[in-house]
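Chemist: Chains as they are written, first to last, in this note's numbering: chain F, 3 to 120; chain L, 810 to 989; chain C, 8 to 170.
In short, the hints are calculated from the structure, not lab data. Quantities reported herein were computed from a predicted structural model and do not represent experimental measurements. Careful, some of the hints might be misleading.
[To be verified] Distance windows between CB atoms, simulated:
1) C:L26 <-> L:D918: 20 to 26 Å
2) L:K937 <-> C:G88: 26 to 32 Å
3) F:V45 <-> L:T812: 18 to 24 Å
4) C:L116 <-> L:S834: 47 to 53 Å
5) F:W12 <-> L:I926: 16 to 22 Å
6) C:L26 <-> L:I897: 31 to 37 Å
7) C:G88 <-> F:R100: 31 to 37 Å
Heads up, the beta-carbon is just placed ideally off N, CA and C, and yes, glycines get one too.
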Amino acid sequence: MNWVTHYNYWIVILLMMLGFYTIIARGNLVKKIIGLNIFQTSVFVLFISMGKIPGGVAPILRDDPTTIYSNPLPHVLILTAIVVGVATTALGLALVVRINEAYGTIEEDEIHEQDRFF
Amino acid sequence: MSTLIDILLLSLMGITALAAVRMKSLFGAVMLTGIFSLLSALWFLILDAVDVSFTEAAVGAGISTVLMLGTLSLTKSEEKTSNHSQIIPLFVVFVTGGVLIYGTLDMPDFADPLAPIHTHVAPHYIEKSGAEIGVPNIVTSVLASYRGFDTLGEVTVIFTAGVGVLLLLGIGRRREDGDE
Amino acid sequence: MTHHFILRVITKLLIPLILLFALYVQFHGDFGPGGGFQAGVIIAAALVLYALVFGLNTASAVIKEWVLLVLIPLGVLIYAGVGVASLLLGGNYLDYNVLAHDPVHGQHLGILLVELGVGMTVAAVLTTIFFAFAGRGHRDANGNLLPHSALSDEIRNRKDGQP
Numbered sequence: 003m004n005w006v007t008h009y010n011y012w013i014v015i016l017l018m019m020l021g022f023y024t025i026i027a028r029g030n031l032v033k034k035i036i037g038l039n040i041f042q043t044s045v046f047v048l049f050i051s052m053g054k055i056p057g058g059v060a061p062i063l064r065d066d067p068t069t070i071y072s073n074p075l076p077h078v079l080i081l082t083a084i085v086v087g088v089a090t091t092a093l094g095l096a097l098v099v100r101i102n103e104a105y106g107t108i109e110e111d112e113i114h115e116q117d118r119f120f
Numbered sequence: 810m811s812t813l814i815d816i817l818l819l820s821l822m823g824i825t826a827l828a829a830v831r832m833k834s835l836f837g838a839v840m841l842t843g844i845f846s847l848l849s850a851l852w853f854l855i856l857d858a859v860d861v862s863f864t865e866a867a868v869g870a871g872i873s874t875v876l877m878l879g880t881l882s883l884t885k886s887e888e889k890t891s892n893h894s895q896i897i898p899l900f901v902v903f904v905t906g907g908v909l910i911y912g913t914l915d916m917p918d919f920a921d922p923l924a925p926i927h928t929h930v931a932p933h934y935i936e937k938s939g940a941e942i943g944v945p946n947i948v949t950s951v952l953a954s955y956r957g958f959d960t961l962g963e964v965t966v967i968f969t970a971g972v973g974v975l976l977l978l979g980i981g982r983r984r985e986d987g988d989e
Numbered sequence: 008m009t010h011h012f013i014l015r016v017i018t019k020l021l022i023p024l025i026l027l028f029a030l031y032v033q034f035h036g037d038f039g040p041g042g043g044f045q046a047g048v049i050i051a052a053a054l055v056l057y058a059l060v061f062g063l064n065t066a067s068a069v070i071k072e073w074v075l076l077v078l079i080p081l082g083v084l085i086y087a088g089v090g091v092a093s094l095l096l097g098g099n100y101l102d103y104n105v106l107a108h109d110p111v112h113g114q115h116l117g118i119l120l121v122e123l124g125v126g127m128t129v130a131a132v133l134t135t136i137f138f139a140f141a142g143r144g145h146r147d148a149n150g151n152l153l154p155h156s157a158l159s160d161e162i163r164n165r166k167d168g169q170p
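Same shape as in the complex, but just chain F (with noise of 0.2 Å):
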């Protein structure tokens, strides 16, 4: 156990948690998303970094059956999750939106404090 095998989790954890720390304690709700999207990503680089081999290539097969390659599994995975991601960020995108129609702010707490006079 030392630092060197293990300091990209740390990091991939000190991203989710920076991303958390948004998402909880800011008011604003653009920056919330900013928050999802820096934890989202921190969980993607989590995954990738699993795959790894040292020596591995890319997993594209090649003729050479000495070849080690990386392990392919959670880069699929990883991939939809992108693009879906980016899908689920847009409809976030939109309700902002349409609470910015609606209450004229997106900070949560004016949005609070007008929901009180009803």
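Fit chains L and C to the given chain F structure using the hints.
Modeler: Same frame as chain F, but now just chains L and C:
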């Protein structure tokens, strides 16, 4: 040497993310998120995930940045200072982070060829997909053939998200007159 | 036309190349890195770039909104249809082996069709999402995009008309 590049790239990602989180100008934060995505695409490239890398470069640095800028143009581009106490969120974040780091102590080493992930299903794909599917790109054969059901589900999710955005923002349909 | 002159010229040069690259990524995805998801994203990026530089009105003249709205479900239907076709030919759902005379050819055909469906849906969804964001508040009551002059009129009217 490669460890040095890895650490440099990951630290740059950390710095960019930190700056994006701290920045009050939403415009700047969105641009930093784009840079963050581009850096992560580079990191994927180093880790041999070529397919993932250029998807991330096109999506993260391209489309999602443009969508966020579109949102900013429809809303506001400055974040207001919140006067809430930051102690509880920070406490939650540090506790969660601590637990996660404790969890990584049991994880296999970075790039350990004997890690469980490399011994279960992946060898089958790497050894047999050439004969069974006949497509050199293993990622494509796993994506479209071995795990075709997964991908059908993902495409359905994208379809649903698209329909959701259309319902919320509307395109080519009557808009309700007189916003309340 | 005088604004962003360099940007316009470079964009005109780049867009055919981007689209060509997207098609290469789509149909060469079996052999090199690529596939439907990547190609769809690249096509959407090209259309978004076009709309950013030349305006939404020009872009929606290039690709009509109803075309996009047809392509979104069509991609999913092609994907699911390949599954149904393999059912009808006596295999399991999404089992491409039965699609052609021998399994490897069947797999090739199946993957090609499925990736085509994926690419269609992804490209159309992302472009539509961008059009929806960019066109928000710039449409008349029938959902048609307003020309720029009418746009400023409508903004003025909405500001005057609202309390």
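Chemist: A separate judgement is required for each hint: does it hold in the structure or not?
Modeler: Structure-based check of all given hints:
{"no.": "1", "hint": "C:L26 <-> L:D918: 20 to 26 Å", "result": "violated (44 Å)"}
{"no.": "2", "hint": "L:K937 <-> C:G88: 26 to 32 Å", "result": "holds (27 Å)"}
{"no.": "3", "hint": "F:V45 <-> L:T812: 18 to 24 Å", "result": "holds (23 Å)"}
{"no.": "4", "hint": "C:L116 <-> L:S834: 47 to 53 Å", "result": "holds (51 Å)"}
{"no.": "5", "hint": "F:W12 <-> L:I926: 16 to 22 Å", "result": "holds (19 Å)"}
{"no.": "6", "hint": "C:L26 <-> L:I897: 31 to 37 Å", "result": "violated (50 Å)"}
{"no.": "7", "hint": "C:G88 <-> F:R100: 31 to 37 Å", "result": "holds (34 Å)"}
Comparing the model with each numbered hint stated earlier shows that hints 1 and 6 do not hold.
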